[in-house]
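Student: Position chain B against the provided structure of chain A, taking the given hints into account.
If you want the building blocks of each chain, they are given just below.
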Amino acid sequence: MSHSSQLALLRSMLRIRRIEEAIADRYAEQEMRCPMHLCIGQEAIAVGVCAALSKGDSVFSNHRAHGHYLAKGGSLNAMVAELYGRSTGCCGGRGGSMHLIDLDAGFSGSTPIVGGTVPLAVGAAWASSLKQSEQVTVVFFGDGCFEEGVVHESMNFAKLHKLPVVFVCENNNFSVYTRLNERQPERPLYRVAEAHGLAAYTGNGNDVEEVLAISRKAVGLARQGQGPQFIELHAYRWREHCGPNFDDELNYRTAQEIKAGIHDCPIASYTRKLEKENGNIHLEIERCEAEIQREIAAAFEFALSSKKPSIDDSQGKVYA
Amino acid sequence: MKHRDITFAEAIREGLDQSMEKDPRVIVIGEGVPDPKAIFNTTAGLRDKYGNRRVFDMPLSENGMTGICIGAALSGLRPVMVHQRIDFALLAMDQLINNAAKWHYMFDGKASVPLVVRMIVGRGWGQGPQHSQSLQAMFAHAPGIKVIMPTTAYDAKGMLISAIEDNNPVLFIEHRLLHQIKDNVPEEYYRVPLGQAKVLHEGDAVTVAAFSYMAVEALVAAKALKSAMGIGIDVLDMRSVRPLDVASVLNSVRKTGQLIVADTASRTGSIAGELISQVSEQAFDALRTHPVRIACPDHPAPTSHFMTRHYYPGPQMIADEVLKMVGADKTSTNYRELCALMLHDGPHDAPNRGFTGPF
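If you're matching them up, the sequences are chains A and B in order. In case it helps, my numbering puts the first sequence at residues 1 to 320. In case it helps, my numbering puts the second sequence at residues 1 to 359.
None of these hints come from the bench; they were simulated from the model. Check before you lean on any hint, since a few could be wrong.
Residues from chain A shown here face chain B by an in silico Cβ test under 10 Å; the list is partial [what the hints assert, rightly or not]:
| id | residue |
| --- | --- |
| 1 | V118 |
| 2 | A121 |
| 3 | A127 |
| 4 | M155 |
| 5 | N173 |
| 6 | V318 |
| 7 | Y319 |
Think of the CB as a built atom: it goes at the ideal place given N, C-alpha and C, for glycine as much as any other residue.
This is chain B alone, in the form it adopts within the complex:
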């Protein structure tokens, strides 16, 4: 198979394109889907190719349009709906939780809702309190909904295709900082199953289970820990919030005996807490020390970059927790080398020095 690196955003575009090509029931709708910016280029060219009866812009009516997409899904279409920020999807909570999540159950399996809702989590450049929330746990609380958070471009395409083929409502949550990251993505149509964690890095010392962008951060920490201090950790990219792949985490914890869960959300009520709860219930005997959550603080994200410097946890915090767990020395030169390896390139509120937006 030919190696080809494309970005997460391009992988989404390709996944949408190939899904629409394969299945005429697939339609795409969202505020800005056919506009010149094309949802950070993730929907670019789709209207030209599939026309205005399959690719739609949408009135600013999140709840109504979610209901309309549910009605269309109940009637044989497979809509993909897009929110440029997940925060707007809160307006659609009624339709998502009361209808989409429950329709199949409450009507005894007589109908189902094959709906995909893409929701983008913002971060950086002052996205602030209402443009950068990580609400996966809130949505995942409702039985009947699937919530997935691919991290790599490979998974973005494969999991989007699986989500579109799935007969259930699937919330596809994209972290905006992932959009620019490249990965090897096959050109053909392929599926990545929903609900399975993926091992990104292997080691015996500690298990780090990470969601979405935090998996990228955890991998940076893992590589630095290995090279500077010779400490090996397991990094699991959870990829899915509901169903939650607890089994893979248990496997790893039975080997390492120590668990850190890194989440993009704020701490209280997070899916990190749920994962730790399930691991504690099922494998308390395997834990040598208490599990640790790494998450955002329990206050909304401020806008000013002067206040966001320490809002988001990163590789340094993950590495420090690992070192605490293994009882490693933080005064050595190795530690200074470790820190240097994890230094963020550029302003803290941009993904890297070269990045100029849009956020």
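Okay, chain A solo, but in the shape it has when bound:
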């Protein structure tokens, strides 16, 4: 991989991280008044998977969608404005953090009902298959979602009709505060997908190049008509399930575990790797940081100076 491609991956992860941190920093001002599920610590999955897609491909996501939306090219201004409930938000303020959309970027929608968008992605893939288009559809969901019946219904149909869809399961081991071992028997998730007949892969969700390599293979096979693909990626959620804070004081995970999780930071480890391979990239990172901070400042300014919707804006568009 070229140095510039590597830097682009690093930059994309860094950008998501800094945006999420900026949201967390300002959340206490209580101007962003909607539930917020930050993806800090899980950036490599969003970036690695979306780097394997082309613009015309479609992505569906879930409640923790900021990273997926941004990695697929969703408008930052429209996202931040949406968090602030402004008219210029991607849903005009009707959705908030848990409902993002940017059709121009191929981000088809995210919703918080666990499993809600998984069949939609299969339906989108069904449509592209029936229309014989080149499009591949990706859906991001978590290990908790894997427990929803609708996910297995979706995999069954996707395999039956050999649809060009890639299921990406982000396994962060937690559903809110409940560990995987309290919810599922001990067996690798991807093997269950394999039992549905899907080509299934597993990998380190903290290694962006590994994520990208697996995704390229899966997306390529899906595009060639080889049917649905399933990728299970392990990652760690640093902060609370919902909200801007760390939640170490709840003691549902040990200090040691949190420390280990943070130690595996996808950005820090990738920075180390690039430095080892290419020497000092300090200046490049500094330049990225500065650009990102300028972009973030502009996005917040855009949001805060945008029109506030009126009560009238809450009506209409109930029916098309």
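Tutor: Relative to the frame of chain A, chain B by itself:
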């Protein structure tokens, strides 16, 4: 235009066929759609004509498949999904209410879900607690969904075509007892607008607003009342549950001053209650007496035919409520004649004496 009588089921088949012929984006999917029974023959021949890339059977995955149809609808297709019994659609409530109903609104109009879901309400021959529910009010509670219940074969075809052309999720609820009833249905492609009631019978005494099969029953009552007792009533076939054509009911109530709403569902939380509520709010002054709901009792439908005899309201109950409202004498010979005119032909749990199923 040539007069041609065909059944409600045949009218649906023809509506599907002509919609598929006209618009290559239309696909049909459901458990049993291409099988030998073809959903009571409403999908017969479609796979032969349009192939297995437009006509699908479906895994027994109601929620997943509804979501998949929504995803396909968001991506430019116009799926028609079929449930042989509406009761199975309860498994798809999440996708219907959380996604189909809200997608257009919550994404600020950036996308829409042109999806039709046919749902069949069963009745008779012991369909029982889980094969004969009338759940229209439950679905109609969600803004963003349209719920329609055509009664005649003419409307079945025209409203199905309108539903398929509509850019919103439309639930097309068919009462199984309507499937065999014939009506004049034009051969060409035509639309009947959604959300408008139709006057089936005119009179000044009472307004009867009826949904689906109850409109058939109300018409039987209306004709008998007229011929045996000279009492004229308005019968409105509501045809649509959401949007609900309250304006047409108000028009009629301002003339008659009395309202009966006949519903196929159980009483509490029914769309009949909603209609009465809206009429009371908007035209309380026009009502000379309290409105009346005619509906099924507030318990599930039992299976045994020994217990279903009085479960379903029919023409007799409608006529009796009308007579109560107009203060008519029930001891006269005219009343006996009225009752005779409305007598059901054959066992109470079959549409008529000649009917042998399938239910």
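Student: Work down the list of hints and note, for each, if the structure agrees.
Tutor: A quick look at each hint next to the structure:
no. : hint : result
1   : V118 : holds, 7 Å
2   : A121 : holds, 6 Å
3   : A127 : holds, 4 Å
4   : M155 : holds, 9 Å
5   : N173 : violated, 25 Å
6   : V318 : holds, 5 Å
7   : Y319 : holds, 5 Å
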